[in-house]
Amino acid sequence: MDEVLDIIKDRRSIRDYKDEDLTDENIETLLEAARWAPSGSNIQAWRIYIVRGEKLDSIKKFSPGLLSDPPVIFVLCADIEEAQEKGGNLSKDVLTKMDIAIAAQNICLQAASLDLGTCYIGSFNKKATKEILELPDNHVPELILTIGKPKKIPNPPKRKSLDELAMWVK
Amino acid sequence: MMNKGNSEKPIFFDLFCYMSSSARGLVDEPKLYGPLRLLETMERIISVLEDKDMSNEFYTELKENIGENKYIVMQDEEKFVESIDDIVNMLAKKEIEFSED
Chain U
1414 MDEVLDIIKD RRSIRDYKDE DLTDENIETL LEAARWAPSG SNIQAWRIYI VRGEKLDSIK
1474 KFSPGLLSDP PVIFVLCADI EEAQEKGGNL SKDVLTKMDI AIAAQNICLQ AASLDLGTCY
1534 IGSFNKKATK EILELPDNHV PELILTIGKP KKIPNPPKRK SLDELAMWVK
Chain D
62 MMNKGNSEKP IFFDLFCYMS SSARGLVDEP KLYGPLRLLE TMERIISVLE DKDMSNEFYT
122 ELKENIGENK YIVMQDEEKF VESIDDIVNM LAKKEIEFSE D
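Chains as they are written, first to last, in this note's numbering: chain U, 1414 to 1583; chain D, 62 to 162.
Quick caveat, the hints were computed from the structure, so don't treat them as lab data. The C-beta atom is built at its ideal place from N, Cα and C for all residues, glycine as well. Incorrect hints may have been included.
As the list claims (entries may be wrong) - Only some residues are given here: those of chain U computed to face chain D with a beta carbon under 10 Å:
| no. | residue |
| --- | --- |
| 1 | Arg1465 |
| 2 | Gly1466 |
| 3 | Lys1468 |
| 4 | Ser1471 |
| 5 | Phe1475 |
| 6 | Ser1476 |
| 7 | Pro1477 |
| 8 | Gly1478 |
| 9 | Ser1536 |
| 10 | Phe1537 |
| 11 | Asn1538 |
| 12 | Lys1543 |
| 13 | Pro1563 |
| 14 | Lys1571 |
| 15 | Ser1574 |
The task is simple: from the sequences and hints, build the whole structure.
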């Protein structure tokens, strides 16, 4: 099987992490993977905050979807000012959010290739996160990624069949 | 009024952060996340009771049961609902024990 497809299929959402930190080298590799993600009109209006320690603990309290204890989280933000200025409403309201998702998936796949676990967290309070991280007004948190060494790897959940997902147009 | 800085955090403070964030999140989230957040709240209350040496074997069992089953919500709705029924049943049986005492 193709190596990329192997990694895609092996990636799981990890909700149980070992009590071990990541190296800065690991983190930099993940960020580099994000940097090479495509973006609408190549605007790249996303920003990533790398959060550990007390700030992570504080964000966790306001993140009902963050139930694990990862050593690091990435808070992926939209720079709405840059998006608006360079790409108008389409970029600010739609494309930058998509770009963040694409960058996040690059991170998740790169992490999987390094035997690191990740999980997308959408259930978190944006206002509290903004306050805790003292973000500038133009940086809006859209997604949290937990990252760490997996303690437990869950079985793959059910997938819809391709017949349900894809329609061949003739 | 709470002081800023290193004053001792009042009991249930973290739980209230969780519950208020859950309340806000649930306005927009999938409906099954409501039961999930309530079960998680039970788990967290039991953890606070454990920290204060106010828990018991039954609550520990209840907490373990919740912890083992809560993530099913993202994989199998039917099994998740069954696991909630099991928890209610555990409590109902306990209630009968109390009423027979």
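Hints versus structure:
no., hint, verdict
1, Arg1465, "19 Å, violated"
2, Gly1466, "16 Å, violated"
3, Lys1468, "14 Å, violated"
4, Ser1471, "9 Å, holds"
5, Phe1475, "4 Å, holds"
6, Ser1476, "7 Å, holds"
7, Pro1477, "4 Å, holds"
8, Gly1478, "8 Å, holds"
9, Ser1536, "5 Å, holds"
10, Phe1537, "7 Å, holds"
11, Asn1538, "4 Å, holds"
12, Lys1543, "13 Å, violated"
13, Pro1563, "14 Å, violated"
14, Lys1571, "7 Å, holds"
15, Ser1574, "17 Å, violated"
In the structure shown, a violation is registered for the earlier hints numbered 1, 2, 3, 12, 13, 15, in ascending order.
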